[in-house]
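Those sequence lines, one after another, are chains A and B.
Sequential numbering from 1 applies to the first sequence in the UniProt record's numbering.
Sequential numbering from 1 applies to the second sequence in the UniProt record's numbering.
Just so you know, the hints here were simulated from the structure itself, not pulled from any lab data.
Predicted model, so just to flag it, every value in this text is computed and none were measured.
Misleading hints may appear alongside valid ones.
[As the list claims (entries may be wrong)] Derived SDA-like pairs: lysine to any residue, alpha-carbon spacing no greater than 20 Å straight-line:
{"id": "1", "chain 1": "A", "residue 1": "Lys71", "chain 2": "B", "residue 2": "Pro73"}
{"id": "2", "chain 1": "A", "residue 1": "Lys240", "chain 2": "B", "residue 2": "Asn101"}
{"id": "3", "chain 1": "A", "residue 1": "Lys160", "chain 2": "B", "residue 2": "Pro39"}
{"id": "4", "chain 1": "B", "residue 1": "Lys240", "chain 2": "A", "residue 2": "Met217"}
{"id": "5", "chain 1": "B", "residue 1": "Lys240", "chain 2": "A", "residue 2": "Asn101"}
{"id": "6", "chain 1": "A", "residue 1": "Lys240", "chain 2": "B", "residue 2": "Phe102"}
{"id": "7", "chain 1": "B", "residue 1": "Lys107", "chain 2": "B", "residue 2": "Asn141"}
{"id": "8", "chain 1": "A", "residue 1": "Lys71", "chain 2": "B", "residue 2": "Pro75"}
{"id": "9", "chain 1": "A", "residue 1": "Lys216", "chain 2": "B", "residue 2": "Cys228"}
{"id": "10", "chain 1": "B", "residue 1": "Lys160", "chain 2": "A", "residue 2": "Thr60"}
{"id": "11", "chain 1": "A", "residue 1": "Lys160", "chain 2": "B", "residue 2": "Cys228"}
{"id": "12", "chain 1": "A", "residue 1": "Lys240", "chain 2": "B", "residue 2": "Glu215"}
{"id": "13", "chain 1": "B", "residue 1": "Lys193", "chain 2": "A", "residue 2": "Asp233"}
{"id": "14", "chain 1": "A", "residue 1": "Lys216", "chain 2": "B", "residue 2": "Gln236"}
{"id": "15", "chain 1": "A", "residue 1": "Lys193", "chain 2": "B", "residue 2": "Ser64"}
{"id": "16", "chain 1": "B", "residue 1": "Lys43", "chain 2": "A", "residue 2": "Glu159"}
{"id": "17", "chain 1": "B", "residue 1": "Lys172", "chain 2": "B", "residue 2": "Glu209"}
{"id": "18", "chain 1": "B", "residue 1": "Lys160", "chain 2": "A", "residue 2": "Lys178"}
{"id": "19", "chain 1": "A", "residue 1": "Lys240", "chain 2": "B", "residue 2": "Lys193"}
{"id": "20", "chain 1": "A", "residue 1": "Lys178", "chain 2": "B", "residue 2": "Lys43"}
{"id": "21", "chain 1": "A", "residue 1": "Lys181", "chain 2": "B", "residue 2": "Ser64"}
[To be verified] Below, a sample of chain A positions facing chain B; criterion: calculated Cβ distance under 8 Å:
{"id": "22", "residue": "Val45"}
{"id": "23", "residue": "Thr61"}
{"id": "24", "residue": "Glu62"}
{"id": "25", "residue": "Ser64"}
{"id": "26", "residue": "Pro89"}
{"id": "27", "residue": "Asn155"}
{"id": "28", "residue": "Ser185"}
{"id": "29", "residue": "Gly197"}
{"id": "30", "residue": "Met198"}
{"id": "31", "residue": "Tyr221"}
{"id": "32", "residue": "Gln236"}
We treat Cβ as the ideally placed atom computed from N, Cα and C, and that holds for glycine.
Residues per chain, in single letters:
Number of protein chains: 2
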Amino acid sequence: MEYSTSSLINSFQPKEKHTTLFNHQISARIRLATQLDVPNLHKLVTQMAEYHGLSQIFTTTETSLYNNLFKSPNPPFHSPTALILEISPNPFPQTNHTTTNFVPIIKNNYNFDNLEILDHELETYRSKFNGHGHDNSNNCNVYVAGHVLVYPSYNGFFEKPGLFLDQMFVRKCYRGMKFGKLLFSAVAMQAEKMGMGMVDWLVADWNEETINFYEKMGAHYIPEYRLCKLYGDQLQAFGKKSD
Amino acid sequence: MEYSTSSLINSFQPKEKHTTLFNHQISARIRLATQLDVPNLHKLVTQMAEYHGLSQIFTTTETSLYNNLFKSPNPPFHSPTALILEISPNPFPQTNHTTTNFVPIIKNNYNFDNLEILDHELETYRSKFNGHGHDNSNNCNVYVAGHVLVYPSYNGFFEKPGLFLDQMFVRKCYRGMKFGKLLFSAVAMQAEKMGMGMVDWLVADWNEETINFYEKMGAHYIPEYRLCKLYGDQLQAFGKKSD
Chain A
1 MEYSTSSLIN SFQPKEKHTT LFNHQISARI RLATQLDVPN LHKLVTQMAE
51 YHGLSQIFTT TETSLYNNLF KSPNPPFHSP TALILEISPN PFPQTNHTTT
101 NFVPIIKNNY NFDNLEILDH ELETYRSKFN GHGHDNSNNC NVYVAGHVLV
151 YPSYNGFFEK PGLFLDQMFV RKCYRGMKFG KLLFSAVAMQ AEKMGMGMVD
201 WLVADWNEET INFYEKMGAH YIPEYRLCKL YGDQLQAFGK KSD
Chain B
1 MEYSTSSLIN SFQPKEKHTT LFNHQISARI RLATQLDVPN LHKLVTQMAE
51 YHGLSQIFTT TETSLYNNLF KSPNPPFHSP TALILEISPN PFPQTNHTTT
101 NFVPIIKNNY NFDNLEILDH ELETYRSKFN GHGHDNSNNC NVYVAGHVLV
151 YPSYNGFFEK PGLFLDQMFV RKCYRGMKFG KLLFSAVAMQ AEKMGMGMVD
201 WLVADWNEET INFYEKMGAH YIPEYRLCKL YGDQLQAFGK KSD
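Extracted from the complex, chain A is given alone in its bound form (with noise of 0.2 Å):
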C-alpha cells in the first residue's frame, strides 16, 4: 500500500525554494502535544490512514481528536497522548523542565551529506507551538515531521502495566533519517521511567521492513496472534440486546 496517486505525482515535481531550508542539517524535536497541533494531527493521522489504505472506515476529525487527547482530567500518557515530531533547520534550544510529565528529546545538527527535502506541505505543517523558550521568530521554522499515539495497556499475564503504541508516522519525505527510531525510542523510555512493564503495538505483516525494524530494536515479534474489532453497526446491535 503507497501513497495516493496525487501525492506520488507531488514527489515528482520540481524543486521547490523550501527544499534550501535543510541544505546539510536538520534538527529535531519529540514534545508533547498540545490542543495548538490537533490541525497537524489531523493531517497525519489521515494521511496514515491513507498510507494503510484505511480511508474507508476513517472517522477521526478535528473535534474527535480534541475530545479524545486534551479532554481527560489524568496526566499525560494516563489517558489517549500524543508526541509531536518537529524538524527545524535551526537547532531547538534545550530545557529543563521539572514539571511537565515528558521531558522534550532534542537532537540538534543531525548531518547529512546530501540532504534533499522536497516538503511541498512545508507551510501547511508549520509548529503552532510556541513554548520551551522559542520566541515567535525563531518558531517560524519549526515544523511538523511526524508523530505518535499512545494509551496506557494492561495485560493480566504481567506485573506491570504498559503503553499501547496505537500510531507512529513520520511523514514521507522525512524518512530514512531514523527519525521513526527516535520516536519509537521516546515511547520505550517514557514507559520503563514510569516504572511500566511494556510497550505492545501492531505491525502489518506485508510491512517486513518495518518488522525487521522493531526486532532490532529488541522487540519480540508474535506471530500467532489476530486482530478482531466489533465495531459499527455490529457493535450498536448489541446495545439493543437483552439475551
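Please arrange chain B on chain A, whose structure you already have, making use of the hints.
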C-alpha cells in the same frame, strides 16, 4: 495448547458430591469485580496463562492485580477493569442499581437436560462477594466461573474511543454453556452504553472455534496485523539510552 497433565487427570476422576449442585438448572451473574475477588481472579488468570502456554512469561501476583485493577482514581472502564462471572444453583436476586457504573447481568435458571458438572475446584472458587441483596447464607452457593479484563483503548483512525478486551476466560467445566457469549456481550453492551465506537481484542490464529464464535457475534477478523511486544531487559535498556 491444553491444560496441564494434572488438570487433565483431574477431569477424569469420579464424580464428587458437588456435581449434584447443578442437576438441571444453573444461574449466572456478571458483575464488576471487587477487591474481595482478587484471590479468585489470580487463580483464573493463572489458569488462563497455563491454557495459552504462557506460564513462562507470567508475572502477575495478587498484589499486582490489586494495584492495576483497584487503585486507579478513575471509575470502572476508564482504567483496567475486571468483570466476574458467577454461577449458582439458586437464582440471583434482580437488583436495581442507579449508582454503579455497571448493572449486573443476571441469567437465572438456564435449563440443561444433562447438566453434569465436575468442578473439582468448587470450594476454592467460592465467591467472596456479598453485595446486591445476597445474604451470607445464600452466598454460600455462589461460585466464580470466569472473568474478563478490559481497559479503555483508542484508535487514531476512529472518532470514538473503545474498550480493549485483554482476557476472557471461562473455567473448563463451565464451557459449552454460552457463558463466553454472555461475557462478550457484557463488554460489547457496556462499550455501546458508554458511547464508545469499538471493542478490540486478539485471538490466537490456531483457535478456529473461537474465531468462528467471534465472527458470529459480528466481529471483523483482521488477518494482516501482528502483535509486537517490548518488555523485560529489552525495554529496560531504553531507560539507559541517551541516543
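Verification of the supplied hints:
no.: 1; hint: A:Lys71 / B:Pro73; in the structure: 16 Å, holds
no.: 2; hint: A:Lys240 / B:Asn101; in the structure: 18 Å, holds
no.: 3; hint: A:Lys160 / B:Pro39; in the structure: 18 Å, holds
no.: 4; hint: B:Lys240 / A:Met217; in the structure: 14 Å, holds
no.: 5; hint: B:Lys240 / A:Asn101; in the structure: 18 Å, holds
no.: 6; hint: A:Lys240 / B:Phe102; in the structure: 16 Å, holds
no.: 7; hint: B:Lys107 / B:Asn141; in the structure: 16 Å, holds
no.: 8; hint: A:Lys71 / B:Pro75; in the structure: 16 Å, holds
no.: 9; hint: A:Lys216 / B:Cys228; in the structure: 12 Å, holds
no.: 10; hint: B:Lys160 / A:Thr60; in the structure: 8 Å, holds
no.: 11; hint: A:Lys160 / B:Cys228; in the structure: 17 Å, holds
no.: 12; hint: A:Lys240 / B:Glu215; in the structure: 19 Å, holds
no.: 13; hint: B:Lys193 / A:Asp233; in the structure: 14 Å, holds
no.: 14; hint: A:Lys216 / B:Gln236; in the structure: 15 Å, holds
no.: 15; hint: A:Lys193 / B:Ser64; in the structure: 18 Å, holds
no.: 16; hint: B:Lys43 / A:Glu159; in the structure: 14 Å, holds
no.: 17; hint: B:Lys172 / B:Glu209; in the structure: 15 Å, holds
no.: 18; hint: B:Lys160 / A:Lys178; in the structure: 32 Å, violated
no.: 19; hint: A:Lys240 / B:Lys193; in the structure: 10 Å, holds
no.: 20; hint: A:Lys178 / B:Lys43; in the structure: 44 Å, violated
no.: 21; hint: A:Lys181 / B:Ser64; in the structure: 31 Å, violated
no.: 22; hint: Val45; in the structure: 5 Å, holds
no.: 23; hint: Thr61; in the structure: 6 Å, holds
no.: 24; hint: Glu62; in the structure: 11 Å, violated
no.: 25; hint: Ser64; in the structure: 4 Å, holds
no.: 26; hint: Pro89; in the structure: 21 Å, violated
no.: 27; hint: Asn155; in the structure: 6 Å, holds
no.: 28; hint: Ser185; in the structure: 6 Å, holds
no.: 29; hint: Gly197; in the structure: 6 Å, holds
no.: 30; hint: Met198; in the structure: 4 Å, holds
no.: 31; hint: Tyr221; in the structure: 6 Å, holds
no.: 32; hint: Gln236; in the structure: 6 Å, holds
Consistency note: the structure conflicts with the earlier hints numbered 18, 20, 21, 24, 26.
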